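Engineer: Quick note, the sequences are listed as chains A and B, same order. With our numbering, letter number 101 in the first sequence gets 510, and the count goes up by one each step, no holes. With our numbering, letter number 153 in the second sequence gets 562, and the count goes up by one each step, no holes.
Treat the hints with care, as some may be off.
Claimed, not checked - The calculated lysine to aspartate or glutamate pairs, modelled on EDC-like cross-linking and capped at a C-alpha distance of 20 Å, are: (1) A:433 - A:488; (2) A:491 - A:446; (3) A:433 - B:488; (4) B:428 - A:463; (5) B:444 - B:488; (6) B:433 - A:488; (7) A:491 - B:470; (8) A:491 - A:503; (9) B:428 - A:492; (10) B:433 - B:467; (11) B:433 - B:488; (12) B:433 - B:463; (13) A:428 - B:463; (14) B:428 - A:467; (15) A:433 - A:467; (16) A:444 - A:492; (17) B:433 - A:429; (18) B:433 - A:492; (19) B:428 - A:488; (20) A:428 - B:488; (21) A:433 - B:429; (22) A:433 - B:492; (23) B:491 - B:446; (24) A:433 - A:544; (25) B:433 - B:469; (26) B:491 - A:429; (27) A:428 - B:544; (28) A:491 - B:429.
Hints in this document: simulated from the structure, not taken from any laboratory. All figures in this text were calculated on a predicted structure; none of them were measured in a lab.
2 protein chains.
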Amino acid sequence: MAGRAHPGEPTGREAMPVKDVTYKPIGVIRSPHTKQEDTPIQPVFARGVAGRVELLPEYEEGLRDIEGFSYIYLFYAFDRAKEARLLVVPYLEDTERGVFATRAPCRPNALGMSLVRLLRREGAVLHIEDVDVLDGTPLLDIKPYIGRYDSREDVRSGWQDDVDDTTARERGRRGFGSGKS
Amino acid sequence: MAGRAHPGEPTGREAMPVKDVTYKPIGVIRSPHTKQEDTPIQPVFARGVAGRVELLPEYEEGLRDIEGFSYIYLFYAFDRAKEARLLVVPYLEDTERGVFATRAPCRPNALGMSLVRLLRREGAVLHIEDVDVLDGTPLLDIKPYIGRYDSREDVRSGWQDDVDDTTARERGRRGFGSGKS
Numbered sequence: 410m411a412g413r414a415h416p417g418e419p420t421g422r423e424a425m426p427v428k429d430v431t432y433k434p435i436g437v438i439r440s441p442h443t444k445q446e447d448t449p450i451q452p453v454f455a456r457g458v459a460g461r462v463e464l465l466p467e468y469e470e471g472l473r474d475i476e477g478f479s480y481i482y483l484f485y486a487f488d489r490a491k492e493a494r495l496l497v498v499p500y501l502e503d504t505e506r507g508v509f510a511t512r513a514p515c516r517p518n519a520l521g522m523s524l525v526r527l528l529r530r531e532g533a534v535l536h537i538e539d540v541d542v543l544d545g546t547p548l549l550d551i552k553p554y555i556g557r558y559d560s561r562e563d564v565r566s567g568w569q570d571d572v573d574d575t576t577a578r579e580r581g582r583r584g585f586g587s588g589k590s
Numbered sequence: 410m411a412g413r414a415h416p417g418e419p420t421g422r423e424a425m426p427v428k429d430v431t432y433k434p435i436g437v438i439r440s441p442h443t444k445q446e447d448t449p450i451q452p453v454f455a456r457g458v459a460g461r462v463e464l465l466p467e468y469e470e471g472l473r474d475i476e477g478f479s480y481i482y483l484f485y486a487f488d489r490a491k492e493a494r495l496l497v498v499p500y501l502e503d504t505e506r507g508v509f510a511t512r513a514p515c516r517p518n519a520l521g522m523s524l525v526r527l528l529r530r531e532g533a534v535l536h537i538e539d540v541d542v543l544d545g546t547p548l549l550d551i552k553p554y555i556g557r558y559d560s561r562e563d564v565r566s567g568w569q570d571d572v573d574d575t576t577a578r579e580r581g582r583r584g585f586g587s588g589k590s
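In isolation and in its complexed conformation, chain A is listed as follows (with noise of 0.2 Å):
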């Protein structure tokens, strides 16, 4: 028997889903970024690295007003990832955490998710600055950055408070720029 409900929740107990859910990608991100140990592990610490989106054509119509955002979420399958696991040790740190309180990319369903700055569009192509994905990364959806959707103040960020600017910059760039190959 569940146990008692907190007042306001809900009280609905059905079986998990456990149908898979299938997604076509709709197009594919290109940047100068080929190898995973140079590619920086997020946009802050990629910033004016240049890339395009390319939607498939048939997307094209989708993209309607787009440009008036100056930022632009990309979400898009890991599909060089290494194997899913539950515990990971970040980048910017030397501890095991739990997954999902990382970005790390070896997930259990491996998707991405990336904030860029959209700088123009042409046609189905978009032209993007602060890339942190691999070259050839198949794109499963873009949705707008909305100022007053998508920022939160006095925030807590857990274990990544307790990593210095200084230190989250230098380990966050990892390779990239550093004339290491």
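With the hints as your guide, set chain B onto chain A.
Structural biologist: Positioned in the frame of chain A, the structure of chain B alone reads:
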């Protein structure tokens, strides 16, 4: 032949990826919302609405340390979305927009994202607030909201900037809390 590349941009033009991407739900989202027409369209229009993430027990270890984050992104399948369309009329106004310039569920890949408040964890269950998701929605991924990664300043939000806050709030809550049923 491809046109001239912009400086610093990638030049590769291999074939588009066409392989489907399949995800297995890792749990389910519980909420008081059972009717689409009464479900707020965004977490900011669902302030204080309580719900739960019920993770399948085998993924519980992946939640380690998530308690430190005040907000988390939920990624889920819009399993009751209408047929995909490339042009949609958003709830907040009366003009047709490209679906990728909106957050409408009827997208080519029906992938949803909600940024919700994390109240506490009990084993494989997360107690959350600001829930704009239909009860029983299949969960695909959880990522922490990280201040240094996820907020942007000086943002243009396209057509959304022309919708005033009062109109947005009124339309964005839809039937929720209005007594309509």
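Engineer: So, for every hint listed, does it hold in this structure?
Structural biologist: Each hint tested on the structure:
1. Restraint check: the Cα-Cα separation between residue 433 of chain A and residue 488 of chain A comes to about 13 Å, which is no more than 20 Å; the hinted pair holds.
2. Restraint check for residue 491 of chain A and residue 446 of chain A: satisfied, since their Cα atoms lie roughly 13 Å apart, inside the 20 Å limit.
3. For the proposed pair residue 433 of chain A and residue 488 of chain B, the alpha carbon gap of about 15 Å is at most 20 Å, so the pair holds.
4. A hinted pair counts as satisfied when its Cα atoms are at most 20 Å apart, and residue 428 of chain B with residue 463 of chain A qualifies at roughly 16 Å.
5. At most 20 Å may separate the alpha-carbon atoms for a hinted pair to count; residue 444 of chain B and residue 488 of chain B meet this at roughly 13 Å.
6. Annotation: proposed proximity of residue 433 of chain B to residue 488 of chain A holds, straight-line Cα distance about 15 Å (limit 20 Å).
7. Restraint check for residue 491 of chain A and residue 470 of chain B: satisfied, since their Cα atoms lie roughly 18 Å apart, inside the 20 Å limit.
8. Proximity of residue 491 of chain A to residue 503 of chain A is assessed by CA-CA distance (about 19 Å); at most 20 Å being required, the pair is judged to hold.
9. At roughly 19 Å between alpha-carbon atoms, residue 428 of chain B and residue 492 of chain A fall within 20 Å of each other, so this suggested pair holds.
10. Between residue 433 of chain B and residue 467 of chain B the alpha-carbon distance is near 13 Å, which keeps this suggested pair within the 20 Å criterion.
11. Note on residue 433 of chain B and residue 488 of chain B: the hinted pairing holds, with a Cα-Cα distance of about 13 Å set against a maximum of 20 Å.
12. For the given pair, residue 433 of chain B sits about 15 Å from residue 463 of chain B by alpha-carbon distance, which is consistent with the 20 Å threshold.
13. With a C-alpha separation of about 16 Å, the suggested pair residue 428 of chain A and residue 463 of chain B falls inside the 20 Å cut-off, and the hint holds.
14. In summary, the hint linking residue 428 of chain B to residue 467 of chain A is supported, as the alpha carbons are separated by about 17 Å, within the 20 Å threshold.
15. Of the supplied pair hints, the one linking residue 433 of chain A and residue 467 of chain A holds, its CA atoms being roughly 13 Å apart against a limit of 20 Å.
16. The hinted pair formed by residue 444 of chain A and residue 492 of chain A meets the criterion: a straight-line CA distance of about 17 Å does not exceed 20 Å.
17. Simply put, residue 433 of chain B and residue 429 of chain A have alpha-carbon atoms about 5 Å apart, close enough for the 20 Å limit, and the pair holds.
18. Only pairs whose Cα atoms come within 20 Å are accepted, and residue 433 of chain B paired with residue 492 of chain A is accepted, the gap being roughly 15 Å.
19. Proposed proximity of residue 428 of chain B and residue 488 of chain A is supported: the alpha carbons are some 10 Å apart, at most 20 Å.
20. In summary, the hint linking residue 428 of chain A to residue 488 of chain B is supported, as the alpha carbons are separated by about 10 Å, within the 20 Å threshold.
21. Our distance criterion of 20 Å between C-alpha atoms is met by residue 433 of chain A and residue 429 of chain B, whose separation comes to about 5 Å.
22. The hinted pair formed by residue 433 of chain A and residue 492 of chain B meets the criterion: a straight-line CA distance of about 15 Å does not exceed 20 Å.
23. Between residue 491 of chain B and residue 446 of chain B, the direct Cα distance comes to roughly 13 Å. Compliance with the 20 Å bound is thereby established for this hinted pair.
24. With a CA separation close to 18 Å, the supplied pair residue 433 of chain A and residue 544 of chain A stays within the 20 Å bound.
25. Only pairs whose Cα atoms come within 20 Å are accepted, and residue 433 of chain B paired with residue 469 of chain B is accepted, the gap being roughly 15 Å.
26. Among the hinted pairs, residue 491 of chain B with residue 429 of chain A is consistent with the structure: their alpha-carbon atoms are about 18 Å apart, no more than 20 Å.
27. For the hint pairing residue 428 of chain A with residue 544 of chain B, the CA-to-CA distance comes to about 16 Å; that is within 20 Å, so the pair holds.
28. With a C-alpha separation of about 18 Å, the suggested pair residue 491 of chain A and residue 429 of chain B falls inside the 20 Å cut-off, and the hint holds.
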